[in-house]
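Novice: Residues per chain, in single letters:
There are 2 protein chains.
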Amino acid sequence: MIAEIIAAGSEMLTPHRQDTNSLFLTEQLNDLGVEVAFKTIVGDNLTHLTNAARTALARADIIVFSGGLGPTEDDLTREAAAAALGISLRRDPEILAGLYKRFAARQITMPPNNVKQADLLEGAVILANANGSAPGQMLDTVVGKYRKIVILLPGPPRELKPLFQDVVKPLLASILPPRRLARRMLRMALIPESHVDARTSPIYNQYSDVQTTILAGHGEIQLHFTAAKSTLEEAQSRVDEVANRIEAEMEEAIFSSQGESLEEVVLMMMEMRHLTLSVAESCTGGLLAQRLTAIPNSSRAFVGGAVVYTPELKMLFADVPREMIELHGAVSPEVARALAEGIRTRTGASLGISITGLAGPGTAPGKDAERPIGRVYLGLADGRETLIKELNLNGDRDYIRWWASQNALEFLRQTLHQSR
Amino acid sequence: MIAEIIAAGSEMLTPHRQDTNSLFLTEQLNDLGVEVAFKTIVGDNLTHLTNAARTALARADIIVFSGGLGPTEDDLTREAAAAALGISLRRDPEILAGLYKRFAARQITMPPNNVKQADLLEGAVILANANGSAPGQMLDTVVGKYRKIVILLPGPPRELKPLFQDVVKPLLASILPPRRLARRMLRMALIPESHVDARTSPIYNQYSDVQTTILAGHGEIQLHFTAAKSTLEEAQSRVDEVANRIEAEMEEAIFSSQGESLEEVVLMMMEMRHLTLSVAESCTGGLLAQRLTAIPNSSRAFVGGAVVYTPELKMLFADVPREMIELHGAVSPEVARALAEGIRTRTGASLGISITGLAGPGTAPGKDAERPIGRVYLGLADGRETLIKELNLNGDRDYIRWWASQNALEFLRQTLHQSR
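First to last, the sequence lines map onto chains A and B.
In this text, residue positions in the first sequence follow the working numbering: the first is 155, and each later residue adds one.
In this text, residue positions in the second sequence follow the working numbering: the first is 155, and each later residue adds one.
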């Protein structure tokens, strides 16, 4: 069975706003063994929306609409679905009573427009929405000779997500053939995609029943494996077999064998060894600290650090000698070393990491003017020795800052790995 | 004229990857006065892709494909477009020669697969791709009684974007009726969307020739205005008229009247007054510093600061007394004040900002256990007085951290604004 997702809303046809619900819906449908074959984004226009609904009915078995269930004139999904199916809408007294109750509870008079939220496709079941006034609806019907399942969901993610998970998913699971999907993700950092593919494709190509997707971006390669079988155990064992063989092939290049992020992995490694970390960031300006502290309970291993954006702050918070900066420039292996050692000593952490570099655009003052944009030095101090790494990155400011932070995390991970 | 954008690629039908080219393409098409009415995402499947192409030809005047022009078996856009149009592909000798030359220049033998990149829709013009091996193509034709413009573009953004901007846009501008689009964006922070709409809709509703879109998210409201006229001057004057009236209505709530970000605005305000800033961040862990340093030349006003994640670092880098943390908790107005004053004094900056709060999940130790998750205190010290602000935010860790940083920036902006 294949599905089409139709996102309704004119704001998603501007240069400013994306449809994001479809990523969640795709994952949920995949869980049920349903493949998403088409996604359509269409504006709040009855002709266009009806056209999209008609097209979807002709090419997909399950059609999921998101958005357009509100009370305004622009909310046309119910009308379009009815028109495409050639059926009528009837005002449902149960939904209507619920709407009046909802407004009464908040001591507001219901605006007359809202009654259209009680319109139900003939034969559809109501999908109760715990987080908004618009209920969803689902119609299991036959068009021509084919079974079609049409699902209407509200657009706001905080309404759509719980509604799908708690109401739609169990309902679909009860009427679809039992197919269970297993997933696994392996993650690697800072390794070329072509390199990963050359080494892993001879393995994953042997598994025609496991779908493998390689995604690259932001200094990371993800290998996604999915398999659908009649039981979860069977699906999981296929996925695990290929993933385990690829883990054995790629060895320590893989930082995550169950999908954890690079930040989570380094925090976990440090926590297990009772190590703590502090950072001194220049060109990344807090990005590394921000990534680490985005993880809950990061304080078990991460103590904090300093954003040493100016020469003065490098001296103040990490005891870098002024003469060193004047002689070698702030973007130098010497200053990277002094920053890592200085922040470690100052904060009393077991490990100190530093990042100093040129993110551009424009030229740097003093000695740093001699270095190219994209030159970054990392320092990693543990009290016995200090490792230094030079990076030469190509890209804009955002790119250089992100890759510098990614390199710092991977540098830390590999160093921790080797010192086991 | 209305357009449909078709993004081809199975990875965009997984839960992991979005189509992003369409935002850029929408902006570019809008510039030419063309409205995007449909976006379709379809996998690397000839039947599905041909179906999508056929549907688009029936409902749009301009059809833009992105992706599926590579050399592999999965690259099927040329074949699908030809099938939908009922025309054939012919191998173009000029493209073929270019392909051989391209590979020869890199001293690689061209793999036999690559010859299919020379296949051109009958009657199409070649769109030279300066950044990749797959050229684009454009066909200006008639299907039934209707003029249809079909454009095939490579998927990688760094190929698609320059190709559209440098080649397709001038070509389309020369064949489409002259319509010029003007845009303007006003931005506001931390104000409810309903409030903005109630105050601004009586104004923008008077301008039926200016399209107004309100977007809300991440603690910000954006008002986008666009107008299309036969000259840019005429379009701009309409957009400016409504934007200026709304600026007069919303006054200081608007932080940006030409689209600048909140970070850019506060940095600019400080630079103009020769003020400098340092930060002491606890729960946001570097996020505020990271946002400020993402802006080029932020060092003209931002000196850096400290990520004071543990009590010890609050003492070490911002001179907060231990007894104060024990007595009031780290998440307290007292500690927010001490952090802001301490980081300002330590770094010698004109202004010091602090953020301390509970981002969750889980409960905090000591006195902080008494505070709810989402409680955040901001401090802003200028050497004469220190302002404190209490926030009570509802959401997950990412949400609380983002809104705390957004509130800190807006707090700073409003304080600078009032002290003019």
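A couple of the hints might just be wrong.
For identical chains, the list gives no copy identity; a pair is met inside one copy or between any two copies.
In silico lysine to aspartate or glutamate, EDC-like type, Cα no more than 20 Å apart, as pairs [said to hold, decoys possible]:
no., residue 1, residue 2
1, Lys-315, Asp-552
2, Lys-315, Asp-550
3, Lys-543, Glu-524
4, Lys-299, Asp-363
Just so you know, the hints here were simulated from the structure itself, not pulled from any lab data.
Novice: Hint numbers the structure violates, sorted upward?
Specialist: 4
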